[in-house]
Amino acid sequence: MVEKFDAIVIGAGPSGNAATYTLAKQGLKVLQLERGEYPGAKNVQGGIMYSHELEKIIPDFRDDCPTERHIIEQRVWLLGDDSYVGTNYRSEGFNTDAPNRYTIIRANIDKWWAERIRKVGGLQICETTVTELIRDASGRVTGVRTDREGGEIHADVVIMADGVNALLAKRAGMQAEAAPENVALAVKEILFIDPELIQQRFGIKEEEGVVIEIMGKVTKGMVGTAFLYTNKESLTIGIGCLISDFKTGSCPPYRMLEDLKNHPVIKPLIEGAEMKEYAAHMIPEGGYKAVPQLYGDGWMVVGDAAHFNNAAHREGSNLAMASGRMAAETVIGLHQAGRPYSAANLAAYKKKLDDSFIMKDLKKYRELPGIMHGNKQFFGAYPDEITAAAHNWFTVDSVDKKSKEKEIMKSFIKRRSVMGLVGDAIKLVRAVR
Amino acid sequence: MSIMVKVEEKLYQNRYIVDESRPHIQIRNADVCKSCDSQACTVCCPAACYSRNETGGVTLVTDGCLECGTCRVVCQDKGNIAWDYPRGGYGISYKFG
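As they're listed, the protein sequences go chains A and B. Numbering-wise (my numbering), the first sequence opens with residue 1 and increments by one. Numbering-wise (my numbering), the second sequence opens with residue 1 and increments by one.
Simulated from the structure, these hints should not be mistaken for laboratory data. Virtual Cβ for every residue (Gly too), placed ideally from N, Cα, C. Careful: at least some of the hints might be erroneous.
[To be verified] Computed list of chain A residues with no C-beta within reach of chain B, every gap over 10 Å:
#1 Arg35
#2 Asp63
#3 Tyr288
#4 His335
#5 Gln377
#6 Glu385
[To be verified] Covered by chain B, according to a simulated footprint, are these stretches of chain A (three or more residues, beta-carbon under 8 Å):
#7 145-154
#8 192-202
[Said to hold, decoys possible] Selected chain B positions facing chain A (Cβ under 8 Å, derived; list incomplete):
#9 Cys36
#10 Gly56
#11 Thr59
Between the sequences and the hints, there should be enough to build the whole structure, so can you do that?
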């Protein structure tokens with residue numbers, strides 16, 4: 001007899017975990033398939049985890065979730081060749097019983113999820129790659145084929161949480177290959193270091209964390225950003241740019257990362273740390289306009305596979321968890337009502353997304369990806385000009401301040417022209433309004 | 001400033017479970033690479049799996065692959081990369097991710 005499940009979830013990342021947990025908790029018979037050796041083996045995240053969405057799914061997650069540090073200070077740095085201009089926001093108010101943001105080491109979190117899923121009766125099987133969807137004559141998805149012997153498994157509904165590559169949906173013709181300007185490639189390293197040094201260098205106590213988001217010369221004019229996060233006993237440093245820019249450039253990602261690590265303002269922060277892992281991952285950056293078809297007869301797609309990522313706010317895993325939960329709640333609603341998982345009924349998932357911060361935020365920033373992609377000055381000329389202006393302004397050299405202002409303005413105009421500056425301001429407003 | 005960097009030293013820190021003689025990514029037609037002006041895969045791959053060879057084509061060694069998918073995205077116009085995941089349990093196995 002062929003074993004059949006109420007639902008199959010493909011992938012053990014934040015979206016798949018959220019979906020599986022939510023389904024299992026409501027008593028549905030759910031199978032989660034993961035291709036990695038263990039949960040988390042294939043997953044990469046910066047990583048900052050936002051607690052709000054996780055709390056909705058697992059209210060007591062703080063009891064045993066292996067987070068690193070809660071974030072009390074956010075820095076944003078614009079890097080010049082040997083300088084930065086930046087802003088910080090730090091608050092004692094972030095030292096609460098229920099912090100909103102944590103740094104995490106992804107593999108630890110995924111193992112924790114696996115345990116929680118097991119406790120509510122979900123079945124997670126690793127080392128199993130799903131090779132394709134099984135569809136009946138009408139096109140309805142009825143299960144999956146895996147690379148295990150006799151590896152056909154059937155279910156009433158399949159939730160694809162297989163990540164940014166979304167091979168299954170692409171193979172089934174449910175979505176097209178991502179355009180190079182709609183995906184970024186990020187590379188990162190984890191650097192182990194004495195926690196005392198982390199606390200000294202970043203001015204924090206045990207448990208407290210600092211995150212630095214970075215733009216500027218380190219991306220060599222490409223559309224991209226970098227980051228440096230404090231974990232308990234390690235630092236995570238990474239950089240990512242649009243693949244369309246890597247494609248036409250000449251700098252391999254690992255060299256860009258090495259240059260970042262050797263930047264004069266970064267190097268003292270990571271000095272003496274030992275690199276223990278090098279990772280690479282694609283990030284969906286196309287926003288609202290790049291979101292594919294999200295559901296059909298017997299299937300839904302969630303998380304990165306659905307292109308749910310808010311690049312402007314560096315949010316991804318919360319959109320993943322929320323979409324996984326919404327897909328699961330859609331299934332639970334239909335299951336309890338005894339209704340079929342037809343495309344018409346699964347449209348309720350899209351409705352939930354539209355009514356939530358996921359689609360509202362993606363829609364708000366719908367013009368941002370196109371404007372950034374087409375206006376490299378935001379990543380090249382401006383960091384240059386702004387850091388040069390700061391250098392000029394803070395050098396005390398008996399030049400009167402009015403002349404300094406003129407010099408700075410002249411430099412900006414020379415680089416971008418008056419109309420260029422006005423145009424850029426308008427573009428920025430359009431991108432984020 | 002660009003300093004020399006050996007990506008092999010980075011990859012050496014990673015854990016891999018190599019599926020001997022079963023590469024999960026393949027170049028479909030070597031001639032297509034020879035006539036490719038950009039050979040962007042040789043620049044974009046974060047694990048330097050692709051390198052330009054002495055015949056003017058591209059050599060692919062997947063052992064250090066991080067399974068990111070970038071090569072497939074950059075080569076989609078030519079469609080010359082057959083990209084699949086490794087068999088379950090094989091390939092990169094992130095300790096930290």
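Structure-based check of all given hints:
The claim that Arg35/A lies off the interface is violated: its Cβ sits roughly 5 Å from the closest Cβ of chain B, which falls inside the 10 Å cut-off. Separation of Asp63/A from chain B is adequate, the least Cβ-Cβ distance of about 23 Å exceeding the 10 Å criterion. Tyr288/A, annotated as away from the interface, keeps every beta carbon of chain B farther than 10 Å; the closest lies near 20 Å. No beta-carbon of chain B comes within 10 Å of the beta-carbon of His335/A; the shortest separation is about 28 Å.
Interface exclusion of Gln377/A from chain B stands, the closest Cβ pair being 22 Å apart, more than 10 Å. Annotated as non-interface, Glu385/A keeps its C-beta farther than 10 Å from every C-beta of chain B; the closest such distance is 20 Å. Only residues whose C-beta sits within less than 8 Å of a C-beta in chain B count toward coverage, and the region 145-154 of chain A has 3 of them, enough to reach three; the restraint holds. With 0 residues carrying a beta carbon less than 8 Å from a beta carbon of chain B, the region 192-202 of chain A misses the three-residue requirement, and the given coverage is violated.
At its closest, the beta carbon of Cys36/B sits 12 Å from a beta carbon of chain A; the interface hint therefore is violated under the 8 Å criterion. Hint on Gly56/B is violated. Least Cβ distance to chain A is approximately 18 Å, over the 8 Å limit. A cut of 8 Å between beta carbons decides the hint on Thr59/B: the least distance to chain A is about 16 Å, and the hint is violated.
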